[in-house]
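Quick mapping for you: the protein sequence lines, in order, are chains A and L. Counting from 1, position 31 in the first sequence corresponds to residue 31 in this note's numbering; the numbering is continuous, with no gaps. Counting from 1, position 85 in the second sequence corresponds to residue 85 in this note's numbering; the numbering is continuous, with no gaps.
These are calculated hints, taken from the structure and not from any lab test. Honestly, I wouldn't trust all of these hints.
What the hints assert, rightly or not - Residues from chain A that face chain L, not an exhaustive set, calculated with beta carbons under 8 angstroms: (1) G40; (2) S82; (3) N84; (4) P86; (5) I154; (6) A156; (7) Q212; (8) Y214; (9) T217; (10) A218; (11) A220.
Model, not experiment: these values are computed from the prediction. By construction, the Cβ of each residue, glycine as well, lies at the ideal position given by its N, Cα and C atoms.
Spelled out from the first residue to the last, the chains are:
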Amino acid sequence: MGRYILKRLVSAVPVLLGITVIVFAIMAMIPGDPATAILGSYATPENVEKLNRDLGLDKPAVQRYFIWLWNMAQGDFGRSFSLNRPVLDEVLDRFGATLVLAGTAFVLCSVLGVAAGVVSAARQYGLADKAITFAVLLGISIPSFFLGMMMILIFAVELRWFPASGMWPIYGDRTVLVLMKHLAMPALALAVVATGVVARLSRSAMLEVLRQDYIRTARAKGVPERGVIWRHALRAAMVSILPVLGIQAGFVLSGAVYIEMVFQWPGVGRMLVDAILKRDILLVQGGVVLVAACYVMFNIVVDVAQSLLDPRIKT
Amino acid sequence: MDLLTWTRRGMLAAGTALALSFGLPAAARTPPGVLIVGQIAEPKALDPAAVTAVNDFRILMNVYDGLVRYKSGTLEVEPALATEWEISEDGTEYTFTLREGVSFHDGTPFDAEAVVFNFERMLNEDHPYHDTGPFPLAFFFSSVSSVEAIDPMTVKFTLSEPYAPFLSNLAYPTGLIVSPAAVEQHGADFGRNPSGTGPFTFAEWRSNEAVAVEANPDYWGGAPELQAVVFRPITDANTRTAEMLAGGIDMMVEVPPVALSQFQGDAFQVFEQAGPHVWFLILNAKEGPFADKRVRQAANYAINKEALVNDVLEGTAEVAAGPTPPAFAWAYNEALEPYPYDPEKAKELIAEAGAEGAELTFYVTEGGSGMLDPVAMGTAIQADLNAVGLTTRIETYEWNTFLGQVNPGLEGKADMAEMAWMTNDPDTLPFLALRSEAWPDKGGFNSGYYSNPEVDDLLEKARVATDQNERAALYKEMQEIVQEDAPWVFVANWKQNAVTNERVEGFELQPSFFLLLDGVSKD
Chain A
1 MGRYILKRLV SAVPVLLGIT VIVFAIMAMI PGDPATAILG SYATPENVEK LNRDLGLDKP
61 AVQRYFIWLW NMAQGDFGRS FSLNRPVLDE VLDRFGATLV LAGTAFVLCS VLGVAAGVVS
121 AARQYGLADK AITFAVLLGI SIPSFFLGMM MILIFAVELR WFPASGMWPI YGDRTVLVLM
181 KHLAMPALAL AVVATGVVAR LSRSAMLEVL RQDYIRTARA KGVPERGVIW RHALRAAMVS
241 ILPVLGIQAG FVLSGAVYIE MVFQWPGVGR MLVDAILKRD ILLVQGGVVL VAACYVMFNI
301 VVDVAQSLLD PRIKT
Chain L
1 MDLLTWTRRG MLAAGTALAL SFGLPAAART PPGVLIVGQI AEPKALDPAA VTAVNDFRIL
61 MNVYDGLVRY KSGTLEVEPA LATEWEISED GTEYTFTLRE GVSFHDGTPF DAEAVVFNFE
121 RMLNEDHPYH DTGPFPLAFF FSSVSSVEAI DPMTVKFTLS EPYAPFLSNL AYPTGLIVSP
181 AAVEQHGADF GRNPSGTGPF TFAEWRSNEA VAVEANPDYW GGAPELQAVV FRPITDANTR
241 TAEMLAGGID MMVEVPPVAL SQFQGDAFQV FEQAGPHVWF LILNAKEGPF ADKRVRQAAN
301 YAINKEALVN DVLEGTAEVA AGPTPPAFAW AYNEALEPYP YDPEKAKELI AEAGAEGAEL
361 TFYVTEGGSG MLDPVAMGTA IQADLNAVGL TTRIETYEWN TFLGQVNPGL EGKADMAEMA
421 WMTNDPDTLP FLALRSEAWP DKGGFNSGYY SNPEVDDLLE KARVATDQNE RAALYKEMQE
481 IVQEDAPWVF VANWKQNAVT NERVEGFELQ PSFFLLLDGV SKD
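Produce the complete structure using the sequences and hints provided.
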């Protein structure tokens, strides 16, 4: 087992190196440089050249790549041009905010989606099934950023139940309750589409299982319906629901970008969009590398967990 | 128990618990005496020498003072940290008498040595704190050859050549005076630990959430009425509007034109102020149809600027008459009338020049500072030009790419390009973008290769004249010639807007586009 984990970790190194090359090359090739972005109207060739020199961008690209890589190996991701702050501090702050948002949305879509799917399947073609199927279709069809804007209009501007934007209030204590208030709308808006997907797939997975002989056996031997559905059928259906949840985890993480823009959530997606527009090279590079490293680690953890659960996967 | 009743009860219980835990509707009322401002972005730094964005200037102008400042409601300078100044006959020596008894927020005294430190830090590469930069706008003061403290309260600037915009550059945020002791203490992190002499002292910066400043009770101009101001970055304009409507902020800047109607009524006040901004089309005067002055004039007649300003921009701009915005009241030529919308006249001129059916390439940007609504405007302009027989093809670029295409010159690539400038002195834009010496290959922004020796001469003279009336006369003459020559299509002067709720009093927008809050109060 230890060898398997080590092997996976070693194989992650070339992947990460590849990512550094790609992101560096993209930032080097796109037109427009940070000095021009900073100077705007005043970007005369002379001023741009001087500022690029001050920013350390006058060296050849290959040399800059290795300097960047060497510094990163020592834990120094450089300083953001547009925020005048160490890249690492900024990315870690932002990544935390994204995890809170995407994590909440993931829990919401898993719990609500599976529950809706189970109820739907248990009442196939009943009123509840039709209502849920309709709601799910609606949820899948509404773009999350539009839903978010509508939620702001209704629940923040008209009813004033929730704050319109941000993660924390400007004044007052930072309690979990206050965070939940700010989190409610963005997390829900982010979860809706994923909930719909999970609900549909849970429903069909459940229907598949409910047709099996052992369910009839369970019913025949007098297991209460609730027990049949939640204990016997759901457990079996989870085998095919779990991979869908895994995919949805990635989906909410990437979908968070739109929601972060709409709700002004201080997450990593919004940071990257801003950084690209400002040609904040080190922030884009550092952010992408750190996020990619997280994905790679997540994949390794999943693979290892799977190999622990399923002895058929060779270690 | 039936499965569904069970589920329903569970949902009901969970819902009730959720509603209880959130309490009643959030009291969306900001505390009295604290002004919450919705900004358009996270500031880069609160070091005036290191930043370039109006967004950052809006905070800085409340924390720092310069030697001089713009008189309220104008773009003319008046005393601030300097009480008076003398300019030598030849216009190369400026001697300032400094205000007595002023201290920085960190307690250290403001004096001539502090002024010297500020400019040395920016301009002298050997200064021990030059590495706290880079200072992208230091070239505003590139004509300064030395800064000396004559005595503790007198400071002398020596310029390498006469440079009339020097005073208004001192009033620009790049000229704001920072505390030397704070720079020495914090080094490169000074931008997050600022200390100036202004009406508000820095209190807190929470990344991506807010910058808070508190009233400076010892301010030399009198303590401000507000206890504190909180600047919140809300990048998305729709979210900013929603936050304003929801009561989460007291003031917002840069309201999208389409959202202005939301703020009619007693609960809000809308402010508008034309600024030193001009939106224009650069025409390629070197080659193609626009090499002929008549075709350039025809473009000015063909484009319906009233419609652009009223329909596309929803009244958030005014029609521009010439290259200098009216906000520079002292240098603006009131006699200029904008080119009227006259497609027939345009067709005549095009026929005279033999340019019927000419094909034009038109560079349009997707966004960019001061560019307003460039795609919609570009499309409307294209339609107007097509209507008079100039077949126009649009090429759209992202802002940074666009600058990379336009700034090196349009030759061989395009016939026209959108552009907008916001400046602090009537010298800046024409000097950098209309002189023959400012063609792109000479390091300027004259991307359309306009050249008129008379204009060159007037601009050179205006730059070295130190008498404001003399400068004004020169600029007015320049505007007349440039309007006639039509190197650009003069389109619009942007009006900045802001909205406050009814609890805010004493607020005024400035033509400089800075946000000055020391006279504002809120119940």
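Outcome of the hint check:
no.	hint	in the structure
1	G40	5 angstroms, holds
2	S82	6 angstroms, holds
3	N84	4 angstroms, holds
4	P86	10 angstroms, violated
5	I154	11 angstroms, violated
6	A156	4 angstroms, holds
7	Q212	19 angstroms, violated
8	Y214	19 angstroms, violated
9	T217	19 angstroms, violated
10	A218	15 angstroms, violated
11	A220	18 angstroms, violated
Hint compliance for this structure: hints 4, 5, 7, 8, 9, 10, 11 are broken, all remaining hints hold.
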